[in-house]
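Assemble the dimeric complex from its two separately framed chains, guided by the hints.
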Amino acid sequence: MARNPSSDAPNSATATAEPAPAFGGLTITQKRTIWAWAFLAIPVLFYVVIRFYPTANAMVLSFQEWNLLGERTWAGLDNYQVLFSDPVFWQVFRNTFMYLLLGTPISLVLAFIVAYHLDQVRFMHGTIRALYFVPFMTSAVAMAWVWRWFYQDVPIGLFNNALATIGIPQIDFLDSTTNALPSILAPAIWAGLGFQIIIFMAGLRAIPRSFYEAAKIDGVSTWTVLWEITLPLLRPTIVFVVVLSSIGFLRIFDHVFNMTTANPGGPLNATKPLVLMIYQTAFDSFDMGYAAAQTVVLFVILLVVSLIQLRLLKDR
Amino acid sequence: MLRKTRNTLAVLATSAAALTAAGAATAQEQVTIEYWQYFFEARVTAMDQLIENFEAANPNINVEMTHFPYADYRTRTAVAVPSGEGPDVVQLFYGWLNDYIDAGLIQPLPTDTFSPEMVEAEFFPMVQAMERDGQYFALPTAVRSLALFYNERLLEAAGVDVPTTLEELVAAAAATTERDGAGNITQVGFTTGMTAQDHHWFREVLIRQMGGEPYTDGYRNVNYDTEAGRAALDFYLGLEEQGVTQSGFMDEPQAAFRSGRAAFHIDGSFRIGALEGERGLRWGVTELPANEEGVRSNYSSYWVNAITSSAEGPEYDASVLFMEYITSPEAMEIWLETVGELPARSAVGMTDENANDPVFGPFIRGLEYAHTTIFADESAQRQVLVDMVERVQLQDMDPGESLTIAAEAEQAILDDFHGE
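If you read the sequences in order, they're chains S and X.
When we follow the working numbering, the leftmost residue of the first sequence carries the number 766, and every step to the right adds one.
When we follow the working numbering, the leftmost residue of the second sequence carries the number 11, and every step to the right adds one.
Treat the hints as calculated values from the structure; they're not laboratory data.
Even for Gly, the Cβ is constructed at its ideal location relative to N, Cα and C.
Among the hints, a few may not be true.
Per the computed footprint, the stretches of chain X lying under chain S, defined by three or more beta-carbons under 8 Å from a beta-carbon of chain S, are [what the hints assert, rightly or not]:
(1) 82 to 88
(2) 102 to 113
(3) 188 to 194
(4) 203 to 210
(5) 381 to 390
(6) 401 to 407
Residues of chain X placed beyond 10 Å of chain S at every Cβ, according to the derived structure [to be verified]:
(7) ALA66
(8) ALA184
(9) ILE282
Isolated chain X (complex conformation) (with noise of 0.2 Å):
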C-alpha cells in the first residue's frame, strides 16, 4: 500500500522534473544508452522500476539494462569499457574508482548538475570520496552501514536485554552461548569470523572505539600496530577465550544467524533481505554496541554510478540526466523500499520515519559516524586481518607480534597500489 503511493508520488514527480528538463534533452531523435550493474534480483528489479520511471520522464531517451554475475562483473567492465563495447553509465564498487579514473575510463560528472558544494552539503560525507580535483566522478544512489542483530527468542529465553555497549554485549552473549555435555558450542552468543563483516568492524569500529585511527594521510598508512590497535585485538580474541564465541562455527557467521543458533551478529544492511524471508526467526536489529565513553562508529560502503568515457555527444547528455534522475531523492526512495539499502543523501536517510524505523533505522543512524575505509585491495587486505587472527589461534603467536606482522603486511599492500 505505502509502496505503491510512494512509487506514484515518484512517477509524479519524475513528470514534473521531465517538463523542467525538457530543455536541457538537446536532442530530439531517440538516444539509446546502456547501463550496466551486477546480478542481484532486489537491485535489477529496482532499477527495472527506476528505468520505467525515467523513460516515462525522457519518452525520447531509452536505457537498456545489461547484468552480469557478480564474479564476472570487475573483469567485463574492465575488458568492455575500453574497447568502447560497453556501458554509457556503469554502477562500480567505490573501491575501484581510483584504477577507473587513472585508466580514463569515467569522465567526471557536469559541475553545474553535480557541484560539489551541493554533493557535499546533501549527501553523506564517506561519498566525499568520490570527489577529484573540484569534480566528481560517481554517486551513489544507495550506502550500507553495519548494525548488531539479534536473535528476540534466544534473548527472551537468556532474559538478557538488547545490549548497547560492548560490554553488556560480552555479558549478554555468554548468557547465551550453549554447550553440550562435551564442552562443545552447540549455540554461540555472538558470531563472530575476520572473512566476513568482522574485518570491517576491527578495522573502523573497534580500533577508532580504543581511541585510535586506524589509517592515516588519507587511507595511505596502516596505523593500528599501536596502543589502541593492541586493545582492540585483545577484545577481539578475548570474544573466544571467554567462550561465546566460535570462529567458524557452522561454518558462516549469518548462517549460525539464519538458522537461529547465534544471538547476535554483526552483519550490512545487505542482510535485510535474506533474513526478512526466514521462517521461524524473529529478529531485530540496533545500532553497533558503544564503547563504555558511549563513543560510537561504523563502517559504510557503497556502489557508485559513473558515466564512462564511451558515451559522447547526445550518449552523454542523456547519461548525465539519467545519473542526474538515478541519484535523486525519489530514486533513493524506491531504492530503500525495493533492495533496503539506505538513501546516499542525509536528508532523504534522515527522515524521522526512515530513522526511527526498527530496521531500516539503526543502519541510517549509524551512517552519521560511519567511516569508508578506502581499500587498495580489499580481499587482500581482509586476509590480512584473517591472517593476523588465525596466526594467533591456530599457531599460538603473541597478538602482539601478529598484529605488527599484519600491519606491515597491510603497509606493503598500499604501498605497492600508491606506487611508493
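Pulled out of the complex, with its shape left as it was, chain S reads as follows (with noise of 0.2 Å):
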C-alpha cells in the first residue's frame, strides 16, 4: 500500500496542482469505513443472493398464479384470500399449533430433567451422554420409517403386536384421526432431546460452583437450589433452547411426511403440518403462487413466536 504524499502535507495549498487521489483525501474514519464495508462485501452479496433476494422473490410470488411452465401472472390478493378462506388451511394451521404447544414443553422438561440428573451421573457419563444423543444424528427419514413400523396393527407392528400377546385390543396409532399427532410426534422429541440436553448441560455446568457451595453452607434445600440459583441461572440457555425447538416443531416436515407417505398429513389431514401442505401445493399441484402465500404466513408466524419469545425471556 504505498501512500500518497500528498494526504500527509500539512498546508496542500502549497502543494502541487495535481489533484490528490479520491481515496487519498479521506480521513481515518471515512477510510476505515470504506474497507470494513469492503470486507463486508461478501457476506452482504451472499446473503442478498442466497437470502434476501429468494425471500423478496417469494413474497412477489406470493401476489401471483404460477404453475412453473408458463409466464407468472398477478392475481392480486387471490391467493391470501382462497387461503384465508380454506378449512385445510386453518385444520393445518391448529396442527402446526398442536406440535408447538405439545412439542416444545414436553421436550424442555424432558431434557432439562435427564441433563439435570446426567449431570450427577460420574458412573459411564460420556457413554450415557452420547447415548443420548444418538437420535439426533441418525437420519429423521430412517427414524421415522423404524417408528412406522413399530405403530402398524397386527401381525407386523411391534407396539401392537405386544398388546396381543397380553390380551389388550389393538390401538390405531397412526390409522386415527386423534392419536395420529401425539403418534407422529413422539418420535420427533425423541430424536431431538439428545441436542437439548447437551445445551442444558452445558448451561448447568456454566453456573458457578461457588454459588452452590455458598447455598451449601447455608443448608438451603434442593428445591431452593434448583429454583433460586439453577434456573435463574440458566435463563440465556432456556432461551436459546426455547426459540430453537419452536422453530423445529413450527417447521416439522420429515417426520410427517415419511410415516405418512402413502396419505400424506392425514388421515383427514389429521397431522399435516404448515410445510407440508406446501410441499404438496408446489410440488405435487405445482401451484407456485399459492405455497408461497402459505410460505409467508409461516414466516410471519415464525417471527412472531420467536419475538414473542424472546421478549418474554429476556434477561432484564
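So, in C-alpha cells, the structure goes:
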C-alpha cells in the first residue's frame, strides 16, 4: 500500500496543482468505513443473493399465479383470500400449533430432567450422554420409517403385537384422527432430545460452583437451589432451547411426511403441518403462487413466535 | 433365448427402416439430440437398447439420455424446457400434457408421419387424449392397465378358484382371510387402500360396473354423486364391513401381497417386475372381476414422448425420426420384454402370443375396455377419494353424505383447473 504523499502534507495549498486521488483525500474514519464495507461485501452479497433475493421473490410470487411452466400472472390478494377461506388451512394451522404447544414444553422438561440428573452421574457419564445423543444424529427419514413400523397393526407392528400377546385390544396409532398427531410427535421429540440435553448440560456446567457451595454452607434445600440458583442462571440456555425447538416444531416436516407417505398429512389432514401443505401445493399441485402465500404466512408465524419468546424470556 | 432372437430381429428391422429413411434424414452432419426420462432401472435399460438400435440405423444421429429421480422429474423438466437448456424429446406423464401444450413447451407431431387417422387406427383408443385440433402432441411407447393378482398357495390352501366376478371375489376373499384368537386379521383375503390403485378401480371400474359414468363432458364434470356412485361406494366399504379386508393392513397393499399375507390384490402392470423377483411367492394374475351382468372395465395410464419447443432445424428432424422409432412396433416389443409395460399399438399388444401370455395377457385384454381418467391434479383428486372413505371409516359419516362432499371437492379442483 503506497501512501499518497499529498495526504500527509500539512499545507496542501502549497502542494502541486495535481488533484489528490479520491481515496487519499479521505479521513481515517472514512477509510475505515470503506474497508469495513469492502470486507463486509462478501457476506452482504451472499445474503442478498442467497437469502434476501429468494425471500423477496417468494413474497412477490405470493401475489401471482404460476405453475412453473407458463408466465407468472398477477393475482393480487387472491392467493391469500383462498388461503384464509380454506378449511384445510385452518386445520393445518391448528396442527402446526399442536406440534408447537405439545412438542416444545414436553421436550424442554424432559431434556432438563435428563440433563439435570445426567450432570450428577459420574458412572459412564460420556457413554450415557452419547446414547442420548445418538437419535439426534440418526437420519429423520430412517427413524420415521422404523417408528412407522412400530405403530403398524397386527401382524407386523411392534407395539400392537406386544399388546396382542398380553390380550389388550390393538390401538390405532397412525390410522386415527386423534392418535396420529401425538404418535408422530413422540419420535420427533425423542429425536431432538439429545441435542437439547447437551445444550442444557453445557448451561449447567457454566454456573459457577461457588454459588452451590455458598448454598450448601447456608443449608439450603435442593428445591430452593434448583428454583433460586439453577433455573434463573440457566435462563439464557432456556431461551436458546425454547426458541430453537419452537422453530423446529413449527417447521416439522420429515417425520410427518415419512410416517404418512401413502396419505401425506393424513388421515383426514389430522397430522398435516404447514410445511407439508406448502410442499404439496408446490410440488404436487404445482400451484407456486399459492404455495408462496403459505410460505409467507409461515414466515410471519415464525417471526412473531420467535419475537414473543425473546421478549418474554429476555434477561431483564 | 427368445429375447435375443427378438432383439436381433429388431436391429435388422431398424436397419431396414434406416435405408428407407436415409433420404428423409436431411442433415448429413452429425446431430445430437437429448432425451429425458425419469429414473426407473428397467425403463433406462430399455431406452439404452432403443437408442443403441436407433443410432445403429441412423449413424449421423446421436441420442443422449438423461434421467432424474421421479421426485424431481417434473420440476426439472418444467424449469429446463422454458430456458432452452432442456431435452429435444421428453417423456411426460399423460396427465401433464395439457399444461405443457398451454405453456407452448412442446410442439405438435408432424401429421405426415403421425397422421391422426393412422394413430386412431393403430393405437389403443385411450391415446386419443393426446390429440388437439387435429394434431397429436405426444405418443406413448407403452401403456399400463390394472388386473387382479392372486396368491396361488393361499387359493389352494382355501380350496377356492380364481374369481371372475365381483361376487366370486368377495366369496374367495372371505375364504382366505385369517384371524388370530383376539379377532385381529393376520391375513387378508383382498387388499384395499384408496392410496394405492383403488381410486382408479373405484372411478373407472366400479362406478361403470354399477351402471354409472364417473365423469361427463370430457372429464370436466364429476358425475358420481349418483345411484351408481353410491352403489360403488357401498360395495367398496362393504368389503371391510364383511371382514374380507382391512385398509392399511401391513401398511401398504402391495407389501401385504408381496409378503404372502394377502390372497388378492389389484395393481398395475408395472408391479410385475417387483413381484417376479419375490422369492417364495407363487402368484398369478387375471382380468379385473366382471359384475353380475359380465360387464368389465379397466383403468389405463401411460407416459408419453413429446418433442419440446427447443428442438429446431436438424434437431427437430432427428427428433421426429427418434419419435417414429420409439413408437414403432419393434420398440414396443423391446419395452414389453424389458420393462413389462404393454404395447401402445393394438396390433402389437393383441397378438395371440401377447394376449394369451399368462402374465401380460390379462392386462393386454383389459386395455380393450380401459378408460383413461383425464386428471387436473392426480394427487389432489386421489386425496378426495381417500378422504371420502376415511370420513366414513374414522368419523362414522353417512356414506351418501361423504360421497356428496367428495364429488363437490373434486368438481372444485376441476373447475379451478379449467378456469371456470
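Where does the structure disagree with the numbered hints, that is, which hint numbers, in rising order? none
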